[in-house]
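Chains as they are written, first to last, in my numbering: chain F, 238 to 716; chain V, 326 to 743.
Quick caveat, the hints were computed from the structure, so don't treat them as lab data. The structure presented is a predicted model; accordingly, all values stated were derived computationally and were not measured. Treat the hints loosely; a few may be bogus.
Simulated DEER-style distance windows between Cβ atoms [to be verified]:
{"hint": "1", "chain 1": "F", "residue 1": "288", "chain 2": "V", "residue 2": "732", "range": "48 to 54 Å"}
{"hint": "2", "chain 1": "F", "residue 1": "300", "chain 2": "V", "residue 2": "614", "range": "35 to 41 Å"}
{"hint": "3", "chain 1": "V", "residue 1": "368", "chain 2": "F", "residue 2": "593", "range": "30 to 36 Å"}
{"hint": "4", "chain 1": "V", "residue 1": "709", "chain 2": "F", "residue 2": "545", "range": "43 to 49 Å"}
{"hint": "5", "chain 1": "F", "residue 1": "511", "chain 2": "V", "residue 2": "510", "range": "29 to 35 Å"}
{"hint": "6", "chain 1": "V", "residue 1": "480", "chain 2": "F", "residue 2": "274", "range": "43 to 49 Å"}
{"hint": "7", "chain 1": "V", "residue 1": "709", "chain 2": "F", "residue 2": "426", "range": "41 to 47 Å"}
{"hint": "8", "chain 1": "V", "residue 1": "388", "chain 2": "F", "residue 2": "593", "range": "50 to 56 Å"}
{"hint": "9", "chain 1": "F", "residue 1": "539", "chain 2": "V", "residue 2": "634", "range": "25 to 31 Å"}
No residue lacks a Cβ here, since even glycine has one placed at the ideal position from N, Cα and C.
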Amino acid sequence: MNTVLLIASDEWRYWRRSKLGAAAGLLALILTCASLLATMNQVRSERETRVALQHEAEHTFRDQPARHPHRMVHYGHYVFRPPTALAVLDPGVDPYTGTVIFLEGHRQNSATFSPAYSGAQAGPFALLTPALSYQLLVPLLLIIMGFSTVTREREAGTDRQLVTSGVSPTTIWLGKTVALFGAAALMLLPLILGTVLSNAGGAIASGFLLLYALYLASWVLIITAASAWSPRASSALLALITIWVTLCIVTPRLLASAAMTNLPTASQIETDMEVIVALRNVGDGHNASDPAFNQLRANLLEQYDVERVEDLPINFRGIVAQAAEAKLTDVLNEFAERRMASQMAQSSFVNTLEILSPFAVLQSASMMTAGTDNQTHHRFLREAEAIRFQFVQDLNQVHTEKMAYSDDINRSSDSDAERRTRIDPENWRILKDFEFHAAPATQRLAQLAPSLLVISLWVLIAGSIGWLGARRLVEVNRA
Amino acid sequence: MHSAIRELRFAITDKVVVMALAITAILAIYTISTGLTESASERALIERVKALVTEDREFTLAKQGDAGSAAYNAYHLTYQAPHALSFISRGVRDDLPWKHRIRMLALESQIYETDTGNPELSRIGKLDFDFVAAFLLPLLSILLLYDLRAAEIRNNRWDFLSATSGNGLRLLTARAAVRSVLLYLGIILPFAIAASLNGVSLTSIQVAMSAVALNVFIWFLLALFVTYKTESGPTAAALLLGVWFTTAVAIPVLGKLVIEDNIDLPKGGEILLAQRETVNAAWDLPKEDTMTPFIKQYPEWANEATVDQPFAWKWYFAFHQVGDQTVAPLSQELSQGTRQRDEAMNLVSLASPSLRTSRVLSRLAETDIASFQRYNQCVRQFHAQLREFHYPMLFGRIEYSKEQMQQLPTFVPCEAST
Chain F
238 MNTVLLIASD EWRYWRRSKL GAAAGLLALI LTCASLLATM NQVRSERETR
288 VALQHEAEHT FRDQPARHPH RMVHYGHYVF RPPTALAVLD PGVDPYTGTV
338 IFLEGHRQNS ATFSPAYSGA QAGPFALLTP ALSYQLLVPL LLIIMGFSTV
388 TREREAGTDR QLVTSGVSPT TIWLGKTVAL FGAAALMLLP LILGTVLSNA
438 GGAIASGFLL LYALYLASWV LIITAASAWS PRASSALLAL ITIWVTLCIV
488 TPRLLASAAM TNLPTASQIE TDMEVIVALR NVGDGHNASD PAFNQLRANL
538 LEQYDVERVE DLPINFRGIV AQAAEAKLTD VLNEFAERRM ASQMAQSSFV
588 NTLEILSPFA VLQSASMMTA GTDNQTHHRF LREAEAIRFQ FVQDLNQVHT
638 EKMAYSDDIN RSSDSDAERR TRIDPENWRI LKDFEFHAAP ATQRLAQLAP
688 SLLVISLWVL IAGSIGWLGA RRLVEVNRA
Chain V
326 MHSAIRELRF AITDKVVVMA LAITAILAIY TISTGLTESA SERALIERVK
376 ALVTEDREFT LAKQGDAGSA AYNAYHLTYQ APHALSFISR GVRDDLPWKH
426 RIRMLALESQ IYETDTGNPE LSRIGKLDFD FVAAFLLPLL SILLLYDLRA
476 AEIRNNRWDF LSATSGNGLR LLTARAAVRS VLLYLGIILP FAIAASLNGV
526 SLTSIQVAMS AVALNVFIWF LLALFVTYKT ESGPTAAALL LGVWFTTAVA
576 IPVLGKLVIE DNIDLPKGGE ILLAQRETVN AAWDLPKEDT MTPFIKQYPE
626 WANEATVDQP FAWKWYFAFH QVGDQTVAPL SQELSQGTRQ RDEAMNLVSL
676 ASPSLRTSRV LSRLAETDIA SFQRYNQCVR QFHAQLREFH YPMLFGRIEY
726 SKEQMQQLPT FVPCEAST
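All chains should be built: construct the whole structure from the sequences, respecting the hints.
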């Protein structure tokens, strides 16, 4: 054990002396700290803005003047998705989804205004979040620091000296690995600090950090394994850069494009057109004489034992609006669920195959843990839809109960009737406060387990390969 | 010439070179074929949706009895068809809208609708030809070139070679040049073939080929310089990777931060909110408050602008137009700012060969910001055309009739200015 630490501290001394290690370490530190600060500030101010806008939207709605309740249905309401605690480290799909939805009657709008809309286009690595710098760049820096750890001894012939003095090749490899582990642990510090500052719950924060620690561990072992198996530093570097490009850059993108080709999702416009055709039989809720509502009218007339809709104690137009909205929402929800399911199918296609790359596993697991994945976005869409349906139907209820049918039908031509259809703003208090939360921590932690397992498997495999490579250490040198 | 042939023989017998070339060619062919498939499916989608929207418009219009309901219910598809070269770069086409279903209501509430796919897949990023040619190619260059001199030094041949060939640098140059040319051919031949088969103009092909050639040449020079200055392969590789990281990642990211910090834009949400408030407030305001600003913009309707009923379609569409007019300054600010940010990014790209190459390719593919803005302009023109068609019927100068509705304008995609 002492020998292992001795070799490790020797490696550390080498890094300190050669400017390479110092430069790589410094670069990693600057990079992660910069992206941490930038993302944290941005996400924090986003959170404040969105929470403030949410309150403002609620107040604006409740402060509207007296008007026809159906006008409030179209005036609509906004809901905002505030970023989760860990979004400061991994904003996930947040920059791609849009984070505000306009809620109105008869429509399910999609989230609008993703930051991509007017952002400067800076290429494929433009969104360098703390998460991405740990996923992509820290491994690259570890490669630059670690590719020559074992090969250097081999090229200088010092491994033979060590072995003859009683140090086993496995110990040499272990020492180098411990040294690189030390470097990785040091690089992890800014992330630990960021996680603590993010105010995430203890369990989630630990799960998140464990994920990244295991990921970096898998890279440390991949690097020392490649170094142990390579005859020369240059071939170790060639192998490692190829592995890095394959695992971190090519594989995830191949998986994404394979998911899109194999499981294409319908475009929004095409879905909208299907919805329109499906809705042709539902009837237009603005038009109480639409034949679709004949049955409804007949039932009501019978129930209240009257001859004409004018004699009903309630406003028939409000009833129609309510019935139409309910039917329409069923259809809209069916298509929305279908759309979400097809996206989830793509994601689970990627999730199944991504065991091929620890990078891809980490990427999805990190988003999921942070509550910034598509699943959480879908949760937001569903909650927003519940709010939408609730306030629209509450307004339709007001429309039904607080207004005479005769005023309602004459309001376009009779100014007095129009005035009477303007309902007291007291009624706008029906709107409920909206506060969005990601899935509970326990649920996310349970989902995290398989990913931790896969990355541990990578750690195990890379470790075994490195250990096997170490045993060849001296033989290759002799050959 | 003689040395070039010898170097070529060396290169094609070197396992690393052959492997790198194979990877390059496979990636090029793969990205080009997925790009072509994507363009084809976009064209098919446009045709399909166009038919659906047309069928639905005719179905709906057949039931409308007045000019207002007809204008309110008639939806139109606007779109930007993929360019012949769009297979080389996705650009902003996955993030920004290139198709809309619009009607005569306030355009500002419709034009920002973005029809994006699975955000988790968008986040992973695209593997398109542009990505390979601009961002991966330098990495392949580094792998092929970083060890050329160090390997000779390691095998104690460098001094010998320098002595026999007279000049070590010349030999190094020839060797690096041969490998760079092979790498270039590996990526550009699949492109040239695909482009000429798809009827792309010769000029565009030439520009794309030169852009990629320049990228390869820059990395050839960088590698030559770095390897000549350093003795050890790993150090050369680390330095070159550092340059790649700085130019491909750090400079664009920093540039983006600085640009977005300095060129402020109105938030998209502000436009939507302002637009919604104006349009909704109009219901409670005296009719003149809507008609006066409308007439200011469209004086030709001054004589028909009186509204004496609580509701009239001409007033309804007027307040939608006034809603657009009210937020027009914001909306112009947004598009001007986006353009300024893009121009600033263009300057930044001078310091990043990868970003530069990528920008040239997406400009040729018409998937860049400028072409997105041209499409937006095209939608605005069509919306104006629609309003000009419906106003005479809404203001009662022309009688509404099914025959008159036959003249309803249909969307024609705008030709690119380039």
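Hint check results:
no.: 1; hint: 288/F <-> 732/V: 48 to 54 Å; in the structure: holds (51 Å)
no.: 2; hint: 300/F <-> 614/V: 35 to 41 Å; in the structure: violated (20 Å)
no.: 3; hint: 368/V <-> 593/F: 30 to 36 Å; in the structure: holds (33 Å)
no.: 4; hint: 709/V <-> 545/F: 43 to 49 Å; in the structure: holds (46 Å)
no.: 5; hint: 511/F <-> 510/V: 29 to 35 Å; in the structure: violated (47 Å)
no.: 6; hint: 480/V <-> 274/F: 43 to 49 Å; in the structure: holds (48 Å)
no.: 7; hint: 709/V <-> 426/F: 41 to 47 Å; in the structure: violated (58 Å)
no.: 8; hint: 388/V <-> 593/F: 50 to 56 Å; in the structure: holds (55 Å)
no.: 9; hint: 539/F <-> 634/V: 25 to 31 Å; in the structure: violated (36 Å)
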